[in-house]
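Novice: Each chain, letter by letter, is given below.
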Amino acid sequence: MTTQHAGVRRDLSRRQFLTRAAGGAVVALSLPELLAACTGAGQSATSTTSGSPGGASTATLRVGWSSEPDVMNPLTSTTTEAVEVLQLVYDKLTDYDADLKAIPALATSTDVSADGKRLTYHLRPNVTWHDGEAFTADDVVFTFTLIAGQKSSQFAQWLGDMQSIEASGSDVILTLSKPQAFDPALAIPILPKHIWEGMSNADVQKFENPTPVGTGPYVFGEWKHGQTVSVDRYDGFWGTPAGPASVIWLLYQNEDVMAQSMRAGEVDILTEVPPTIWDGLGEVDGLTALSLPGFSFHHIGMNVSTAADSQGNPLLLNKDVRQALSYALDRNQLVQIALAGHGVPGSVLLPPAFGDYMLEIPADQQINADPDMANQLLDQAGYTTRNGDGVRETPDGTPLQFRLIAIESTTVDVRAAQLFRDAAAKVGIKLDLATMDENTLDAIVYGGTDWDLFVWGWDTGVNDPDYMLGIPLSTQIGGNNDVYYANLEYDQLYAQQAIELDHATRVDLVGQTQQLFYEDCAYIVMWYQDKLQAYRSDLWTGFADTPGGIVFNFTRANYTNATPV
Amino acid sequence: MRLPYLARKVLQLLALLFAVVVFNFLLFRVLPGDPTRLYARSGRLTPEVVAQLRSLFGLDKPLWEQFWIYFKALLHGDLGFSYTYRRPVSEIVGERLVNTMVLLAAATILVTAIGIALGVWAASRRGSKGDSSTVISSLVMWSMPTFWTGMLLLFAFGVWFQVLPTTGISTPLATYSSPLGPALDVGRHLILPTITLVLVDIGQFVLITRSSLVDVLTEDFVLTAKAKGMSKRRVVWGHAVRNGMLPVVTATALYVGIVVGGAIQVETVFSWPGMGELTYEAVLRRDYPVLEACFLLFAVTVIVANFLADMLYRVLDPRVTEA
Chain A
2 MTTQHAGVRR DLSRRQFLTR AAGGAVVALS LPELLAACTG AGQSATSTTS GSPGGASTAT
62 LRVGWSSEPD VMNPLTSTTT EAVEVLQLVY DKLTDYDADL KAIPALATST DVSADGKRLT
122 YHLRPNVTWH DGEAFTADDV VFTFTLIAGQ KSSQFAQWLG DMQSIEASGS DVILTLSKPQ
182 AFDPALAIPI LPKHIWEGMS NADVQKFENP TPVGTGPYVF GEWKHGQTVS VDRYDGFWGT
242 PAGPASVIWL LYQNEDVMAQ SMRAGEVDIL TEVPPTIWDG LGEVDGLTAL SLPGFSFHHI
302 GMNVSTAADS QGNPLLLNKD VRQALSYALD RNQLVQIALA GHGVPGSVLL PPAFGDYMLE
362 IPADQQINAD PDMANQLLDQ AGYTTRNGDG VRETPDGTPL QFRLIAIEST TVDVRAAQLF
422 RDAAAKVGIK LDLATMDENT LDAIVYGGTD WDLFVWGWDT GVNDPDYMLG IPLSTQIGGN
482 NDVYYANLEY DQLYAQQAIE LDHATRVDLV GQTQQLFYED CAYIVMWYQD KLQAYRSDLW
542 TGFADTPGGI VFNFTRANYT NATPV
Chain B
757 MRLPYLARKV LQLLALLFAV VVFNFLLFRV LPGDPTRLYA RSGRLTPEVV AQLRSLFGLD
817 KPLWEQFWIY FKALLHGDLG FSYTYRRPVS EIVGERLVNT MVLLAAATIL VTAIGIALGV
877 WAASRRGSKG DSSTVISSLV MWSMPTFWTG MLLLFAFGVW FQVLPTTGIS TPLATYSSPL
937 GPALDVGRHL ILPTITLVLV DIGQFVLITR SSLVDVLTED FVLTAKAKGM SKRRVVWGHA
997 VRNGMLPVVT ATALYVGIVV GGAIQVETVF SWPGMGELTY EAVLRRDYPV LEACFLLFAV
1057 TVIVANFLAD MLYRVLDPRV TEA
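Going down the list, the protein sequences come from chains A and B. Positions 2 to 566 (my numbering) are the ones given, in order, by the first sequence. Positions 757 to 1079 (my numbering) are the ones given, in order, by the second sequence.
Certain hints may be false.
Below are the DSBU-like pairs computed for lysine-lysine, each with C-alpha atoms no more than 35 Å apart in a straight line [to be verified]:
{"id": "1", "chain 1": "A", "residue 1": "LYS225", "chain 2": "A", "residue 2": "LYS194"}
{"id": "2", "chain 1": "A", "residue 1": "LYS207", "chain 2": "B", "residue 2": "LYS828"}
{"id": "3", "chain 1": "B", "residue 1": "LYS817", "chain 2": "B", "residue 2": "LYS828"}
{"id": "4", "chain 1": "A", "residue 1": "LYS118", "chain 2": "A", "residue 2": "LYS179"}
{"id": "5", "chain 1": "A", "residue 1": "LYS207", "chain 2": "B", "residue 2": "LYS817"}
{"id": "6", "chain 1": "A", "residue 1": "LYS179", "chain 2": "A", "residue 2": "LYS152"}
{"id": "7", "chain 1": "B", "residue 1": "LYS828", "chain 2": "A", "residue 2": "LYS225"}
{"id": "8", "chain 1": "A", "residue 1": "LYS152", "chain 2": "B", "residue 2": "LYS817"}
{"id": "9", "chain 1": "A", "residue 1": "LYS431", "chain 2": "A", "residue 2": "LYS320"}
{"id": "10", "chain 1": "A", "residue 1": "LYS102", "chain 2": "A", "residue 2": "LYS152"}
{"id": "11", "chain 1": "B", "residue 1": "LYS828", "chain 2": "A", "residue 2": "LYS152"}
{"id": "12", "chain 1": "B", "residue 1": "LYS885", "chain 2": "B", "residue 2": "LYS988"}
Here are some of the chain A residues that sit facing chain B, going by a computed Cβ distance under 7 Å [said to hold, decoys possible]:
{"id": "13", "residue": "SER114"}
{"id": "14", "residue": "GLU209"}
{"id": "15", "residue": "ALA246"}
{"id": "16", "residue": "TYR253"}
{"id": "17", "residue": "SER262"}
{"id": "18", "residue": "THR441"}
{"id": "19", "residue": "ALA444"}
{"id": "20", "residue": "GLY479"}
If you are wondering where the hints come from, they were derived from the structure by calculation, not from laboratory data. A virtual CB, placed ideally from N, CA and C, is assigned to each residue, including glycine.
Using the sequences and the hints, build the whole thing.
Specialist: Below, the structure written as C-alpha cells:
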C-alpha cells in the first residue's frame, strides 16, 4: 500500500506529489546549487553535525517530505504521507519485504481453497496492541467488516467480492464470491476492535484518530502539525526489532531547502528529489542519490466518450486520428527534454516496476515517433489541408483542432504539452493549450465531457496490476475512468485476469489487456518517471534498491532494516 | 442626528466584515473544483459514495442553506470542520496563527523601529552621502525578491556556515536542559526568517519616513523651532517627527494587514508552520471551511489594522478629527 505517492490515494496524492516535485525543480533551478558550484561549498557540507548515529539502536531516522499527512485515520486519509506513517504503526495480515515479495505478518500463513474463493489466514499468536490489549481473530473480522462497509475508504475496493469473514479459533476465514488474484490481506491494515468498535459510518468519517494504536514495529509518537510526525520503536513487537529507535518525518515546504538541509545534516532521507537537484546531490561525499523505477506514468488522455450528449470533439472517436496523434509524438524526446532523462519512455498502461506484468512492445511495433505514419493515416482518412493554413480539415471542412489542458504547476506536464502541441502541428493537427490548477482540471475531466485532450498521471496504491488496469473499465466511468473509454472486450479481459490465480496465465492475460488498450490509443502514455530519492550513506545503511523507492513505497522494510553506520 | 464618529466607524467595520464573510463563502464555491474529488480518486468510488461524502460535508444542500449554516455557526465562534484534517478548523487555524504571529510580531517591530529611525536619520541629513546611500540601499532591498533573499540567507548561514537552523520553528526531538530552552530554540529559528522579512520590507518604511519628514522639515514651524535655538535632535524628534508620522502609520497598518497573508513566501522558504502552508494546501484540496477561516482572518486583520490606524491618526493629529 503505500506507495508512494502512489497511490492509494494514490492517485491523488501521488499526483500532487509529482506536481510539487516538478514545480520545485524548475522554480529552483536552484540558486543554492549554483552557489555551491561556484564556491565549492558543497563539499564542505558533508561533514555533518547531526547527532544521530552511533549505537546500534538508539538512533533516530530523519525523513524529509514536502507535504503533510491529512489525518491518521486510515479509512479517511487520502495522502501518501499518512499511509507512510501508518504502515509502521499498523500491521497487515501479509506484508512486503524489501524486494516487494509477500511475507507473513499478522498471518503466519494463508491457505487458499481449490476454487480460490476461500482464504484461511492462520494468525500469529501472542501479539499485543501498543496499548497492551491482546490481538485476536476478532480484530481481523472486525476490521474487514468495518472496511467493507466504508465504501469511501481506499481499501473498500479490495473487499468488493467479500461474502463473509469469520473467526475460527486463531484462524480467520475469508469467503469471496469469486477468486481474487490480489489478496486483500496485502492491503488492509488491521485495526483494534476495542478502539474502533461502536462507531457509525459518520463517526468513522469524523474520527481524527489522533494517536493510532496498532501492532506494528513502531508506536505512534507525536504529530506537531505543520512540522513533524514521529514514531518510536515498540518493544513488544512480534518480529525482529526495527533498527532506528525512532523515525521522525520533517516537513519541508520547499524541496531546494530540503536538499540543502540534507547537506547541512538535518535530515537523513529525502522522499522525493527534483531532477535538477538530484544530479548535484549524487556528487556530494556521504550522500547516495537513488534513481529507481517508479510505479507511475504520465499520460495524454483523449476524450472517447460515445455518449450522445458528449461535448468532446467527435473526431477523436476515430482511432486513426488518435493513433496519428500518438505517432506524431516522440516519447524519447519527451523523457529527454521534459524529465531531463530521468524516466523511461512510455507505452502500455503498466510501468516497468511491475516486472513481468508489463507488456514489452517491440520498438518497431510501437505507435510512437513516426510522423510519416501519422501523415499517412490522416491522408488515408481523407483529412487534408484544403485552405493552405497547415491544418488538416475533414472533407466537410471541419479543421483537426483540439483543446489540450494541463496542470500548470506540474512543470513536466506543461513542457510535455508544449512538445505535443508542436509535434501535432507538424502533422497538421492544431492543439490549443490551456493550463490550470489540478482540482480545476479534475473538475473539467470528471465533471463532464466538454474537453478533448488532457495531460495528467496515475500511480498505483498497491503492488498489483489490478488497480491500474482497472482505470479504463467501462464500469469506472463516473469513477476513475478519465477518458470515458468503454470497451466490453477490455472489461472481459480485465475480469479474467482479476480472478486468475496462476501467475503465468495471469501475466499473459494482463499482457493482452495492455495490448488492447495500447492499440485503442485512448491514452498516450508518455513516460514512467524514475523515483529519485537520496539518503545519508555516511550515517545509514541497510536500504535495498526497492523498485518504487526506499521509502514512500509499498514496503516498510527499508525503515525497519535501516542501521546506523 | 449623526452618530458619533466611533460608532459610525464600528458600524462600517461590521458591514464590511459581513461583506467579507459572504464574499469568502461564495468565492471558493464559485471556483471550479470540488472537495469530494479528492476522495473519488482514491480507490474506486461509485457516484453513490461521492453523494454520501457530499452529504457528510453538507455540500448537497442549496447554496443559501449552506451559507446560513455556516453563518450561524460563525456567530457562535464555530469555524467548522476541516474536510482534510477531520478536526475543528478553529483548532487548526489557531495553532498556525500563533506561529505566524510570533514571526510577524518580531518582524513588524524591527521593520518599523529600524525603518523609522533610518528614515529620520536620512531626512535630517538630506543630500549628504549618508542620505543618498540610505535611499539607494533602501531601493535595492525593496526590490529584492523575498524568496530569493531567504534562500540566500538560508544557504549562507544554514548550509555554509551552519550556524543557524534552516527549517521549522523548533529543533525536532530536542531535549532542553533549562526552562528557557524552548524559547531560546524558537528564538534561534526566528533569526533567519525575521532578518529576511526585515531586509525586504524595511526599504519602504525608510523611504516613506524620509520623504514625509523631508517635507515637514521645510515647514515654517521647524524654522521657528530652530530659531528658538533648539538642538537639532529636539527639532527633529520633538517637533518634526510627530507631524511626519501620519503616512508611516498608514504604511504600518497596511503592512500588518498584508503580512499575515504575505509572509507566505518566507514561511515557505523556512518551512515555518504558519498560515501560509495551511492556506496553500487548503486551496489545492478545496477544503472550504479552512479556506474560509484563513481568508476571513486575513480580511479581519486588514480591516482592524486600518481601523486602528484611523484611530491613531486622531491622536497624532487632532486636525483629522473634523475631517
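Novice: A separate judgement is required for each hint: does it hold in the structure or not?
Specialist: Evaluated hints:
1. A:LYS225 <-> A:LYS194: holds (27 Å)
2. A:LYS207 <-> B:LYS828: Status holds; Cα separation ~21 Å.
3. B:LYS817 <-> B:LYS828: holds (15 Å)
4. A:LYS118 <-> A:LYS179: holds (5 Å)
5. A:LYS207 <-> B:LYS817: holds (19 Å)
6. A:LYS179 <-> A:LYS152: Holds. LYS179 of chain A to LYS152 of chain A sits at ~19 Å (cutoff 35 Å).
7. B:LYS828 <-> A:LYS225: Within the cut-off at roughly 31 Å; holds.
8. A:LYS152 <-> B:LYS817: holds (22 Å)
9. A:LYS431 <-> A:LYS320: holds (17 Å)
10. A:LYS102 <-> A:LYS152: holds (28 Å)
11. B:LYS828 <-> A:LYS152: holds (32 Å)
12. B:LYS885 <-> B:LYS988: holds (19 Å)
13. SER114: Not OK, violated: SER114 of chain A not within 7 Å of chain B, min 26 Å.
14. GLU209: Result: holds, 5 Å to nearest chain B Cβ.
15. ALA246: Not OK, violated: ALA246 of chain A not within 7 Å of chain B, min 11 Å.
16. TYR253: holds (5 Å)
17. SER262: Where the cut-off is 7 Å and the nearest Cβ of chain B is about 5 Å from SER262 of chain A, the hint holds.
18. THR441: holds (4 Å)
19. ALA444: holds (5 Å)
20. GLY479: At 5 Å from the nearest chain B Cβ, GLY479 of chain A passes the 7 Å test, so the hint holds.
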